[in-house]
Structure formats: structure tokens, C-alpha cells
Amino acid sequence: MSLSPSTPAPAVYSATPAESIDTNPGSRPAAATHPHISELHWGRLFVGIGLFVVACWVVDMILVRALAGQSAVSIRLIGAGVMCGLIAVLLAALRKLRTEVLHAVATLQFAVALLSSVMCATIAGTWILQGEVRASYDANYPTWLTDAILELGLDDLFHSLWFGGLLILLAISLVITIYKHRAWRLPTLGLFLSHFGVITLVFAGMVGYVSGFKARMDLHEGMSAGMAILTLHGRDTEDRHGLGFHLRLDRFEVEKYPAKNKLYLYRRDGETYRRLAAVEADVSSKWQSAQAADSAFRVKAVYPDFAFDTLLEPAAQGKPGVQLTLTDAGVQRQLVLGGGASDRIKLTDAGPAVIFLTEPPAEATLREWFQTQPAAHLLSSNTAPDAAPIQVTPGSMYQFPGDPSHIKILKYLPDFVINDQGDKQPVSRSEQANNPALQIQVTTASGVTMPPLWLFANYPDFSMAPDGAMKRELPFRYMYKPGRTAHRQVFAIVAGTQELWDCREGAAQVKQPLTQPYLLAEGIDLRSARILPSATVVQKPITLSANMLNPVVEVEIRDNGAISTQFLSPKHAAPYEFHDHQTLLTFETDSGEVKSYRSHVTVIDNGQEVLKDVIAVNSPLSYGGYHFYQANYRRDDPTYSGFQVVHDPGLPLIWIGLIMISLGVVYNYYIRPRIIGRAQA
Amino acid sequence: MTLELLTGPHAMVAILAGGYGATALTGAPMLWKRKPVLIGLATVLLAAAFLLNSWIILERWQEAGRPPFKTLFETLIFYPWCVGLMTFVLLYLHRLYFLIPFSAAISLFGVVYALARPDVEIVSLPPALQSAWFVPHVVTYFVAYAALFISFALALLAIFFQHPEQTGAESAPGQPLAPAAESGTAGRFDGLRGTPFDKHAHHAAIFGFCALTLGLVMGAAWGKFAWGDYWQWDTKENWALVTWLAYSIYVHLRLLPHWNGRRSMVILIVAFAAVVFTYLGMNLLPSAQSSLHVYQ
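Protein chains in written order, with this note's numbering: chain A, 229 to 909; chain B, 36 to 331.
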């Protein structure tokens, strides 16, 4: 195979199918025809490169320790100088070595050996964490390895002297090769472009490394700055750089994608949950598989601003109830009384009460409404549950009819608690009836007085003995009826007569059919009433508006065959867990992912506003030899914008190098063979 | 599970997997015996799969409102399309029918992997990816990967079905390969007789290498506009460089005596490992967790 510069590139570069390839290129030993190409020993090449790498590393380690205060860039520059000096001295002194080296450096073999070395070094740089803090290394490697990596400087190998040295060696060998083979002539234009492009890249990279820098700026809206904080490999340094002009952030805006409201299916995956599926929160009759046995779900309804509405519905074995329709400051409201729920309600805190009755109230009842009712203590017998409860007061003695034993009421505590400090005696924590407790003492028919017992209105299953022991069985149940202040006005809804009674001062002042509207309080009108003799109270989910203020979805779920309805909410409800305890269904909303960040900036140079521009992620600003990039933002501070400032004098050469390599490679393999083909035809 | 796949959101992709599977099965026998009927059927099946693949990509593009090349799932659907495209180009130019089972096999692998790791939802493009460079950079790279897979397949065929040209005397490892006709395997593997696999492997590798170069350059240019840096020694960038260097070593090494033969085919086979690792291996590296290129 010929490598002589005087012949065109070998036929293997041909792309046209008709042209036969030289299937016999190795039949003549290359050395016989071209004596300056002899096959070099691969081992010696790699050893030579290896020695070069080690020498660079040794020089770097010595200089890093000797010049501890200097910047990394200066140390590397000095190191490069030292290496050049050493190599020059070595080559000048040893003639045989010089001849061998200068010959080897221009060979393809050397190029391949060098490319392999760079490749292996790059692979190493992906397996070994680069530029991280010590903790990251400790987390990923055993201690001895972490120590070795940090000692050998392998935590930043891409900026080390030996790696840079390999790239420079590559560039030098390319220069020598191009010169030796006079590759700049037209027939080898593609080769020249692609290889000279690499040289340009390496050179431009070095220029950027030495005299370029990166910095960052933090700005808030309205702020301007003329200084940037220099950064090295992403971390802040102590140094500041003056730009020579100011940059003012006029406005920062974040544009988001529309908010997503979706149901997500999760599967337990060890410690965490993995998303299996996402379904739009739209009503659908189609069942979505829950990827568990006989399990699926579908969205029955979506409530953007969820609330429960209480309604009265007829029921077979219900209780009488009434559904009142009121207008409250222009908004229609429903009010339900009875039907198994409470029969009374206060319209406003200090306002009138509305009470539902089946029959007209007796006079005594009417008077009672307008009297303050004290709290009442009631005792009922568990052994004779049909007997009516008796009202008791502390200090008195009572007897149930037919029961010979006597019950003495000793004490009442509204908010029972055991005093932890001191005497461990029961005390009342407050005046409010939070935990009403009654102490009773029973004397049996035979005259035996039992130890006193505490009964609890909130815990009817327990009683407490004097020693503090809780007992499960007890003969009596204590019920506490809270007191009530006197009403000022009561509206009685009488089902029997279908009337509304407006009662004040102990008597019914107005009686009116329920069919007529009536003003109940300021701004509150009774519009109509619907009385049902046998009804039950039903909670119906509704949405108060179309705004996503409290989004909830109603989902029909089939779980291992059983069908149920669940409400899922991102804020309130827990996720639904399927029977396999591995699969979850949630409803999640997010405020929308970021679509773009844009900084509206003004450049102020010499006091004048010289340029207005918008910096966005793929749209940097270029001014005064600097490039400004949109680097970051803060979610909790929408007036903040972070910029990366870059100064890279080698940049134009980088573009030229990249274009040269692209053009050279394409030209060499696709354009030139066609030119040759046409010339030969 | 199959029923779930066929009724789920990725039903079309499941059918596509079936299509590539059928193509691979139909096409495999042509490696033993050249049967025009099977070749014709396999070609038609591959064409049908390719059309379905195109439709899936276009549908996703329309549904997402952006080019569908962001997630691993999306690229695993795009890669078989590129392989199919390359295969049809080579079918047209050089009648390389025996590529069909290989292409179908790698496409099947890609689509099945996609079904194993489907996207739960269509994600939006973050600001960094909203650039005119997005489509050219990704497309160039996947076209390169497709061409390099084909060079890998052809290199495998060269190793197994082409022998060094010399007859009689012991052949040196670096000797060039003769087309399979002279190799003395008459009667078996009829379908592959007379084909210079190494030549086609080389051409495919060259095309892939050019595409890798352009892809790398585009990536650097885009990086400069998006992040301020044309090169950050980021893990994915480094592996793209490793891949480029591997094929660069191939093009240079085969110019040397004794390397333009079986050895260069071996290099093509080994170099493809770099392609696979660059595309799919990032999750194995702790250093890739903070990479700017990591798939979401």
C-alpha cells in the first residue's frame, strides 16, 4: 500500500460501486518500494507515548507543589515550557533518538498510537468522576481508590498537563506530517483541510484555555452590574472581572407550558414508586388498565373547584326533612334540616335559628327556645336500656325505677385530665366541656358502698376507678347535654301545617305558608321549601366555578373485580391503593413546566444605553468581546436572572477548525473520488 | 401482557415490533440459501414496517407538537427508522439483500427495548432543546449510528464469509479479503456468494464517520449557543469523542500494511461497541448523572 505523497490517495477511498477496489494492496511489501516507510514497533511507540505522559505528569506534580499560589493555567503553561525544554535538550543531545523520533512522529502508526492514547484517556475520564468534591468520590469508590485518584490528579485529567500534552503532540505530529507530505496541494485538499482543522482546533482550544475565561453575574430586575464573578470549572473563584460596561436587567420573564392535570399510575419499585402511566383528567367512558389483576379505572367527573352540596332525597325508611332554598346576598343556597341530620341551624353566628319540626311547637317549647338552657347531665342505665335517662346534678342522690341501688353524684369536671405533676389527681384543664366527666358512687341494695367511679361523656365504654385503673364494664352511661344561650329569634319550619313561624320573645309573631318567600335576616331570603316525609340527607359533589381552585376527580375504580367510586385530589385525598398493595392511582396538578426564560437587558456603555436585547437559552448576547448566556433562574424569586459570561479569544478559530474538519472529511470521501473518477473516465 | 400492549397507548409500537420480528424471521433463511421469494417477501415486510415506523414518528410529532427525539423511548423508535432508511438505500445502490435480517433484528431490539421503557406521557421540550440545531444534530447522529450498525453487520459477514486471498500457502492475518466466491464454500451460504462485504462495510463506515464528524461539529456549535461552551468534557460528549476517535483509528489503521483485511473488519466490530455505549450506556456511569445530555 503506497503512502508516498506523490501518488493520489489509494483506491479504497472510492465510493463509486463500479470501480473495483484494489483487493491486492498488500502483495508488495511497502518497505521495498518506499524505503522511508518501515514498520515501527507498536510497543516502542506506546512506551514512548507512555514515557511522555509520565514525564508530563511528574513535571505537573512538581510544579503544582512548588508554585502552590499560582493559577492552574500558569502552572500548566510553565509546565509546557519545561517539557518543551526537556524534549529539546534530549533530542539535541541524542542524535539517534532525534532521527528516530522525527521519523516516527510523521507516521500513520504514531498517529494511530496517539489517537488510541487520547481515546483511552477520555474513556478513563468518563469512568472516573471529574471535578467533584471529595464526598462524591467517597460515595462512589473505596477509600484507597479515592486517595489514588486525588493524589494522581485524575479528578481533573482533561485539564492536566499530560492530556493537553497528548493533544499538542497530536497537533505537532500533524504539522510535521502535512509539511513532509506537502499535503496542502489541491489533490490532497480534503486531507489537508481535515487535518489542519484538527491543528487549528487544538491551537484555538489552547488560546481559549490560556487567555479566555468564564464568569457569572446575578442580576435582579432594575439592577445593573459591571463586574462578573470569575468561575473555574463551574465553581466560583475569589476573583472579579470588570467588563468595562454595565448590563442592566430590565425585565425577567418565565413562560410556562400549560398546567397539566393528570392521573398517574404508580408501581412500587423497592423504596420508591415508578410511574407506569399518565392519563388526562378528562371524563371518559373508556376503562384504563391499572396494570394489576382485573383492575382498571375511568374518570367519571372532574370538579375544578370542588365542594360538597347537602341535599335531601326521598328514602324508603328515612326521616322527615326539609330542603330550604335561600338567596344569600344574591347567591342561591340550599339548607337541609332533618332527614336524619340536625334539625336546627343558626343562619349566622349572632342571628336567628331555623328549627324544623313535624308538629307545631307547644307553648312550653316556644318559651324554652328563648330561655338560656344550662348544661344538663344525664345518666342512663345500661342494665335497663329502655328506661328513660334521668337528669342529675352533682351533690344529689338518685335511683332508677325498679333498681334498688342508689347512685350518688359526687363531682363534675368539664375538661377531665389527670394531673401529671404532683398528686396525680383528676383536675379540669379548662372551663370548656372538652372532656366532661362525672364521678358517681353506687350503694347496692344490701348497703355496700362501691368505690367511686368516673364516667366520661366522650368515652362511654370506659370508667375509671380511684386507683386510676380503667374498667370496661359499667352499669351506667353518662351523657352531657351542653347548655345553650337564649335565642333572640327562631324560624320554625312546621312540616305538619306546612307553615313558617317567625318567633320572638317566646311567641309566634308571624305564621305564614311555606309557599311564600320571607325575609329571614338581612340579605337572606327564604325562596321555597320542599318537605319530604321520609328522606335522607345526601352529599353531592359540585363545582363552585370553572377555575382550578380545588381540583378533584371522581374516578370509578375496578379493583380485583370490585367496583367503587373514589375522589382523588392533589391537595387533600391520599392516593388510591389497589388490592395488590403495589399499585397506586393519584391525581396530580402542576403549575406548568418552564417553556422559556427570557431576560430583557440593556447595555450601558459610558453612561449611554447602547443596546437593548433579549437573552434567552439558545439566544445569547454578544457585546464588547463577551458573550452573555441565560444560565439560571430562581423559582421563588421571579425577578432574578443568572448569566454566564464568556470571553474566548480563540472562538473564531474554533469555528474555522470545525468547518475545516467537516469540509475536509466530506471532500476527501465523497467529492474527490468523483473528481478522480471523472478524470479517469 | 400482549393483550395489554396491543390495547394500550403503544399498540402501534407493539405491532411494529411484530413487523420487524416477522421480517427478521422471513429474511434469516436468505443467509443460507438465496430464495427470491423469501427475499421479496422480506423486502415487502421491511417496507411495511418502515412505513408503519414513519407513521408512528409523524403521529408522535403531531401529538407532541415538537420533533419526537427527546426521550430514550422516542429515539428508540427513531433509530430503527434510520436503520431501515440506510438498508433501503443500500438495497437500491448495491442490492445488499442480506442486510434485511440484520436490520430487522436490530430494529426489533430497539422497538422491544422501547416497549420495556415506554414514556408515561409526552414531555415538553425544555428551553435548551428549543433550537434549530435540535433536529439536525439528533438526525445526523442517528443516521450515523444506523450506518455504523450496517458496517458492523457487514464486517461480521466479512469475517465469517470472506477469507484471505492467498491459496496454498498459509495466509497472513493482514492479507486482504477475497470476495466469498473464491473462498471455497460452494454449496453452503449460497445467498452470500460473490459479495465483497469488506468493501461495503468500509463504505458504510466511511459514511458513518462523516456523519459522526458533522454531528459532533453541530453539537459543539449548538452547545456554544445554548450553554456558552462548545465543549465541556461532559460524559456524553466524551463518549461521542471516543466513538469518533475509534472510527478515526479505523480509517487510519487500514492504510497500513497488514491492516487492510480481516483486522480492519475486527476494528469495525469492536468500534461499534463504542456507538452502543454512547447511545445506551450512560446510565452505567456515575459521572453521567450530572450530564447535560442525560435523558429525562
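Calculated from the structure, these hints are not laboratory results.
Built from N, CA and C at the ideal position, the CB exists for glycine as well.
Treat the hints with care, since some could be wrong.
Below 35 Å or equal to it, Euclidean Cα-Cα: the simulated DSBU-like pairs (lysine-lysine) are [claimed, not checked]:
hint	chain 1	residue 1	chain 2	residue 2
1	B	70	A	823
2	A	484	B	271
3	A	488	A	709
FRET-style restraints, in silico, Cβ to Cβ [stated by the list, open to error]:
hint	chain 1	residue 1	chain 2	residue 2	range
4	B	305	A	363	53 to 61 Å
5	B	79	A	810	55 to 63 Å
6	B	41	A	511	49 to 57 Å
7	B	79	A	820	28 to 36 Å
8	A	503	B	41	19 to 27 Å
9	A	503	B	76	18 to 26 Å
10	B	41	A	522	12 to 20 Å
11	A	820	B	41	44 to 52 Å
12	A	367	B	68	50 to 58 Å
13	A	329	B	305	55 to 63 Å
14	A	808	B	124	32 to 40 Å
15	B	305	A	810	56 to 64 Å
16	B	47	A	528	52 to 60 Å
17	B	47	A	820	36 to 44 Å
*Among all the numbered hints in the text so far, which are the ones the structure does not match?*
Numbers 1, 3, 4, 5, 6, 7, 9, 11, 13, 14, 15, 16, 17 - these are the hints that the structure violates, sorted from lowest upward.
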